[in-house]
Amino acid sequence: MSSEAMARIERRIAALLRYGTWLASLVIVAGLVIASRDPVGMRLAQLGIGLLILLPVSRVIFVLFALLRERDYRLALAAALVLLIIVASIAVGVHAGGEAPGRE
Amino acid sequence: MDVSFSLWLFAVAAATSALGGMLGMASGIFIVPVLATFGHIEIHRAIGASIVSVIACSCGGAAPFLKNRLTNIRLAVVLEVATTAGALTGVLLAGIIPVPYLFFLFAVILFVSAQQMFAKRRDLGLAETRTESCGWADALKLHSRYPDRALERDVDYQVQRLPVGMALMYGAGLVSALLGIGSGVLKIPAMDTGMRLPIKVSSATSNFMIGVTAAASGAAYFARGVIVPSVAAPVAIGSFAGAVLGSHVVIRASSQKLRLFFVAVLVLLGVEMLLSSLGVHVF
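Same order as they appear, the protein sequences are chains Z and C. So for the first sequence, this note's numbering puts the first residue at 1399; every next one is plus one. So for the second sequence, this note's numbering puts the first residue at 57; every next one is plus one.
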């Protein structure tokens, strides 16, 4: 990968993470403000939390596509593996829902 | 919704995050003990709330590292395979491990953090020494360079002992998922001591990986229903606000005094967690 291509990818990831965090945070704050009057606001806050959790995942997807475009298949395989592990982790979370301690 | 409790959560998260940020330390390690001890929040919920704030701080703080070209994205992708695998293991164990064991593990990590903060990290100056080359790191083209401000030039560095790094990262991912912390306290030494990377590259790349590692366990806990918005939302927003604030505030107090203060806080929280693991609750 050329250093210019790398620099461009770094700038885009920086923007994705920065604006993504602000967007998710604003949704959470809006949810909390609404929740102080109406319980439905908590649903919005929960949506914001979901967005925040998905942000690093979207970053991995972005890196995966950048690597595929650069035809760097070995490293793309590593990125794909990271995504696969995250999906497996979610599957474990969904599966173990009923018996988890601390559940609402 | 209990507004005053939400404000308390927000304030606690903001204060720990701002103070931690001044010393380049993530706040997750403070949040869970404080929520569990003083807020009397069930520990799995505290961990779920903390992991969300870890993601917010990692993602929110990544841009300056990337712009200064300190983050090694290629290396991060490879090491993330190990950290997320560790996180997956942690998710599998989280519901099974008895709570006293979690408190004990927390105490250990707090003492390790205190020791590291006391010793004060320093650059080992191994950046440009070409010693043993690593086949995998060569094949995956993980070696890179970073601009060093003090030297006013780009410094080349080699990624060494990748298998050692991968093993340590697996452990860091496991601890991150179990305790709801970023575990930069394990990731940074794994890179600068284990893989012989420059400290600035280690910090930046660790921060970058922390978000993905935390997302792997966070997504599972979210699906599992242990991330309770009434706790997690104020904590996440507080941590993020504190991190933003902390990065803009120039430290007026002597940094050495602040450091010793933090060492004392870490040791006290560690002792408190140790007592909790033995069933003694002080507060």
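Calculated from the structure, these hints are not laboratory results. Treat the hints with care, since some could be wrong.
With the C-beta cut set under 8 angstroms, the calculated list includes, among others, these residues of chain Z facing chain C [unchecked claim]:
no. : residue
1   : Ala-1403
2   : Leu-1421
3   : Ala-1428
4   : Gly-1429
5   : Ser-1434
6   : Gln-1444
7   : Leu-1449
8   : Ile-1451
9   : Ile-1459
10  : Leu-1479
11  : Gly-1491
Think of the CB as a built atom: it goes at the ideal place given N, C-alpha and C, for glycine as much as any other residue.
Need the list of violated hint numbers for this structure, in ascending order. 1, 2, 3, 7, 9
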